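Enquirer: Sequence lines, in order, name chains S and U. Numbers 126 to 394, taken from the numbering used here, label the letters of the first sequence in order. Numbers 126 to 394, taken from the numbering used here, label the letters of the second sequence in order.
Derived by calculation from the structure, the hints in this document are not laboratory data. Some hints here could point you the wrong way.
What the hints assert, rightly or not - If you want the footprint, here are the derived chain U segments under chain S, 3+ residues with CB under 8 Å:
id : region
1  : 351-364
2  : 367-378
What the hints assert, rightly or not - Not the full set, but computed from the structure, chain U residues with beta-carbon under 10 Å of chain S:
id : residue
3  : A264
4  : R383
5  : A388
Stated by the list, open to error - Pairs of lysine-lysine, DSS-like flavour, derived with a Cα cap of 25 Å:
id : chain 1 : residue 1 : chain 2 : residue 2
6  : S       : K209      : S       : K254
7  : U       : K363      : S       : K363
8  : U       : K330      : S       : K391
9  : U       : K209      : U       : K273
10 : S       : K387      : U       : K363
11 : S       : K363      : U       : K330
12 : U       : K184      : U       : K346
13 : U       : K273      : S       : K387
14 : U       : K387      : S       : K286
15 : S       : K363      : U       : K391
Keep in mind that this is a model prediction, so the values were computed, not measured. Glycine included, each C-beta is placed from N, C-alpha and C at the ideal position.
Protein chains: 2
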Amino acid sequence: MAEQRLPVPRLRGVTREQFMEHLYPQRKPLVLEGLDLGSCTSKWTVDYLSQVGGTKEVKIHVAAVAQMDFISKNFVYRTLPFNKLVQRAAEETHKEFFISQDERYYLRSLGEDPRKVMDNFLIQVTGKKRITLFNPRDAQYLYLSGSKSEVLNIDSPDLDKYPLFPKARRYECSLEAGDVLFIPALWFHNVVSEEFGVGVNVFWKHLPSECYDTTDTYGNKDPVAASRAMQILDRALKTLAELPEEYRDFYARQMVLRIQDKAYSKNSE
Amino acid sequence: MAEQRLPVPRLRGVTREQFMEHLYPQRKPLVLEGLDLGSCTSKWTVDYLSQVGGTKEVKIHVAAVAQMDFISKNFVYRTLPFNKLVQRAAEETHKEFFISQDERYYLRSLGEDPRKVMDNFLIQVTGKKRITLFNPRDAQYLYLSGSKSEVLNIDSPDLDKYPLFPKARRYECSLEAGDVLFIPALWFHNVVSEEFGVGVNVFWKHLPSECYDTTDTYGNKDPVAASRAMQILDRALKTLAELPEEYRDFYARQMVLRIQDKAYSKNSE
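Produce the complete structure using the sequences and hints provided.
Expert: This is the structure we're talking about:
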């Protein structure tokens with residue numbers, strides 16, 4: 126099967142009302158152009174950020190490669206004053222460095238992982254990013270480890286290890302300063318920064334508040350009902366494990382048919 | 126995908142020890158030829174059966190067509206003396222009949238359905254049958270209604286209604302007087318009688334006795350652990366139903382991946 130690449134739609138001049146009424150309910154990614162983001166898009170230069178950010182020490186991710194890997198953790202944590210970080214991150218080659226002359230830096234102000242269960246606006250204030258999104262329907266092709274895909278090099282994946290990956294539909298967009306990307310809850314995203322830049326993420330709860338785990342600082346945990354359903358399923362599987370293999374296999378397949386019948390969305394997306 | 130038709134292996138002169146040690150553990154259908162079934166294969170003629178069976182009234186299935194359908198129930202129940210039944214069943218065209226001149230009769234001495242969860246020897250004493258078996262692994266292509274396939278006309282199925290049916294592998298055999306077919310538990314079977322005949326089924330429990338439902342007269346019920354697992358799954362699905370469609374769909378797919386990982390047989394059969 127050939128890879129399917131789909132452009133994320135771009136819309137200019139969308140009002141809040143249009144978004145809320147017509148676009149948000151579709152639960153599909155979308156790039157909003159030309160929103161009034163104030164002066165940050167022109168003002169937040171390297172010099173300005175170095176100056177106003179000051180010397181407060183910040184903990185950063187440092188990696189020898191552009192693609193940081195939050196599963197194998199191919200990065201180290203280091204500390205730098207904020208103004209130094211900004212200067213270094215904007216350089217191509219570093220005179221001062223931790224691991225290599227062309228090491229990459231990443232400062233995340235809160236949490237380790239992109240939030241998965243909340244809706245998200247990714248506001249590209251400065252710089253450029255290339256973003257690939259994956260439909261949650263295609264999770265089965267993404268080789269998840271927890272909530273993250275093991276496939277990091279999405280442009281040239283290891284097909285021996287990840288043979289089904291090309292079946293996942295890719296939704297692609299490039300963000301430039303001023304663009305705002307709507308990422309609905311559950312959509313997977315893979316980000317490559319093409320130059321130094323600042324992005325601001327705004328997350329919000331889409332479900333009623335009681336659906337979320339109250340201990341979930343980073344918005345990554347599954348909704349309460351989903352974790353509970355998964356725990357109950359584990360009990361069902363433990364019961365099934367009492368049977369010999371051929372029966373277990375047979376009834377496991379019956380369980381799958383039941384789930385597909387009762388809980389899969391009927392609209393075929 | 127082309128239909129896959131596989132012959133059921135036929136073996137002659139297999140001893141009890143060979144069967145128990147080498148064949149039975151493979152859990153695959155098998156025709157045993159040349160077993161010593163005593164004199165019944167030659168003795169149980171129409172005349173003999175009419176004579177020794179006497180006039181005891183028996184309840185029979187009567188249908189206008191050869192393929193009786195236990196889902197839509199395209200047959201009626203009627204009562205005949207045993208000797209009358211045997212004579213009528215052996216005729217091509219009936220002078221006396223209930224619904225039509227070429228109606229078909231079926232006498233089942235116990236229960237409505239073929240047993241599903243027990244192992245089974247189908248002993249063809251007289252007459253000919255054409256039998257098609259389906260691997261339980263292919264249950265997903267059989268459009269089950271309860272434990273029975275909705276696809277009755279397996280030689281010319283309605284592909285608009287049952288598009289996946291051709292994916293089910295067909296294991297085929299013809300039984301003649303004296304042949305014994307081993308049908309492992311969970312294998313689906315479709316039987317066409319090609320002439321008047323008598324078959325004797327011997328069922329036995331393959332799993333330890335406590336695995337079976339004690340109220341299961343006909344051996345059709347799922348093993349206790351399987352029914353329990355299914356009930357627990359239903360609770361999980363009820364919990365999941367608290368979430369909106371897109372989340373429910375997403376987590377339902379995660380549940381399926383979990384089942385496939387934990388409970389599907391690893392040998393790819």
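Enquirer: State for each hint whether it applies.
Expert: Verification of the hints:
{"no.": "1", "hint": "351-364", "in the structure": "holds (count 11)"}
{"no.": "2", "hint": "367-378", "in the structure": "holds (count 12)"}
{"no.": "3", "hint": "A264", "in the structure": "holds, 6 Å"}
{"no.": "4", "hint": "R383", "in the structure": "holds, 6 Å"}
{"no.": "5", "hint": "A388", "in the structure": "holds, 4 Å"}
{"no.": "6", "hint": "K209/S with K254/S", "in the structure": "holds, 22 Å"}
{"no.": "7", "hint": "K363/U with K363/S", "in the structure": "holds, 19 Å"}
{"no.": "8", "hint": "K330/U with K391/S", "in the structure": "violated, 40 Å"}
{"no.": "9", "hint": "K209/U with K273/U", "in the structure": "violated, 31 Å"}
{"no.": "10", "hint": "K387/S with K363/U", "in the structure": "holds, 9 Å"}
{"no.": "11", "hint": "K363/S with K330/U", "in the structure": "holds, 23 Å"}
{"no.": "12", "hint": "K184/U with K346/U", "in the structure": "holds, 24 Å"}
{"no.": "13", "hint": "K273/U with K387/S", "in the structure": "holds, 20 Å"}
{"no.": "14", "hint": "K387/U with K286/S", "in the structure": "holds, 20 Å"}
{"no.": "15", "hint": "K363/S with K391/U", "in the structure": "holds, 17 Å"}
The earlier numbered hints that this structure contradicts are 8 and 9.
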